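*Asks:* Build out the structure end to end from the sequences listed, making use of the hints.
If you read the sequences in order, they're chains A and B. If you use the working numbering, the first sequence corresponds to residues 17 to 126, in order. If you use the working numbering, the second sequence corresponds to residues 453 to 565, in order.
It is possible that part of the hints are untrue.
Heads up, incomplete: computed chain B residues facing chain A, CB under 8 Å, no partners named [as the list claims (entries may be wrong)]:
hint	residue
1	Gln493
2	Pro495
3	Phe517
4	Glu520
5	Phe526
6	Gly537
7	Phe556
Selected chain A positions facing chain B (Cβ under 8 Å, derived; list incomplete) [what the hints assert, rightly or not]:
hint	residue
8	Glu25
9	Gly47
10	Pro59
Quick caveat, the hints were computed from the structure, so don't treat them as lab data. Predicted model only: the values in this text are computed from it and were never measured. Quick reminder that beta carbons are idealized off the backbone N, C-alpha and C, glycines included.
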Amino acid sequence: GQNIDQPTEMTATEGAIVQINCTYQTSGFNGLFWYQQHAGEAPTFLSYNVLDGLEEKGRFSSFLSRSKGYSYLLLKELQMKDSASYLCAVSLKGSYIPTFGRGTSLIVHP
Amino acid sequence: DTGVSQDPRHKITKRGQNVTFRCDPISEHNRLYWYRQTLGQGPEFLTYFQNEAQLEKSRLLSDRFSAERPKGSFSTLEIQRTEQGDSAMYLCASSTDIQETQYFGPGTRLLVL
Chain A
17 GQNIDQPTEM
27 TATEGAIVQI
37 NCTYQTSGFN
47 GLFWYQQHAG
57 EAPTFLSYNV
67 LDGLEEKGRF
77 SSFLSRSKGY
87 SYLLLKELQM
97 KDSASYLCAV
107 SLKGSYIPTF
117 GRGTSLIVHP
Chain B
453 DTGVSQDPRH
463 KITKRGQNVT
473 FRCDPISEHN
483 RLYWYRQTLG
493 QGPEFLTYFQ
503 NEAQLEKSRL
513 LSDRFSAERP
523 KGSFSTLEIQ
533 RTEQGDSAMY
543 LCASSTDIQE
553 TQYFGPGTRL
563 LVL
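*Replies:* Next comes the structure, spelled out in structure tokens:
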């Protein structure tokens, strides 16, 4: 089986930086997704990491360490609209079905 | 094409009734997925199609659930004899053969009374 762990909730201040961690234990790891999901809406794709290292896309960056079974999503210059759930999902080799974590609910306050 | 669409967006039904949801994927995507999501949880995989073939079904999918994708385009998910525990958001996603990234529709929120 797979075990994906991420914090349930985080709070941060508008304009600040926040790091959302995700750890996983699985065999046959292929890659790791991050999705953003606003309340009552569908998940939207943020990033997909297969190789170790940091990938930056504007205010959002995602990091992966395959050897440590660890990833994080870094959000800079936080805006109120960044308040959402952030889902970490692991894909396995030979499977097209990612397994999702429970999500981290991020609350951005003024 | 603006993305994955789902219909209806909301459905309220009485226990024991049958419901059917529709998903229209992004037009060039040949893979289509159904997920269920409850409050505070991530999406749980239900089933997956490649073109018209249903290639994988979750053990979560009871006999009351059936999905079809007859022409390899849109898909339907039917739940027979609904139970209160079926209340959830039902999400559809699609992807291409080449990329693993799935793009989600807005979901159908089901409430079983």
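*Asks:* For each hint, tell me whether it holds in the structure or not.
*Replies:* For each hint, the structure was consulted:
1. Gln493: holds (6 Å)
2. Pro495: Hint holds; Pro495/B Cβ to chain A Cβ min 5 Å, cut 8 Å.
3. Phe517: violated (16 Å)
4. Glu520: Hint on Glu520/B: violated, closest Cβ of chain A at ~19 Å, above 8 Å.
5. Phe526: With Cβ-Cβ at 17 Å, over 8 Å, it is violated.
6. Gly537: violated (18 Å)
7. Phe556: At 4 Å from the nearest chain A Cβ, Phe556/B passes the 8 Å test, so the hint holds.
8. Glu25: Where the cut-off is 8 Å and the nearest Cβ of chain B is about 10 Å from Glu25/A, the hint is violated.
9. Gly47: Holds, about 7 Å.
10. Pro59: holds (5 Å)
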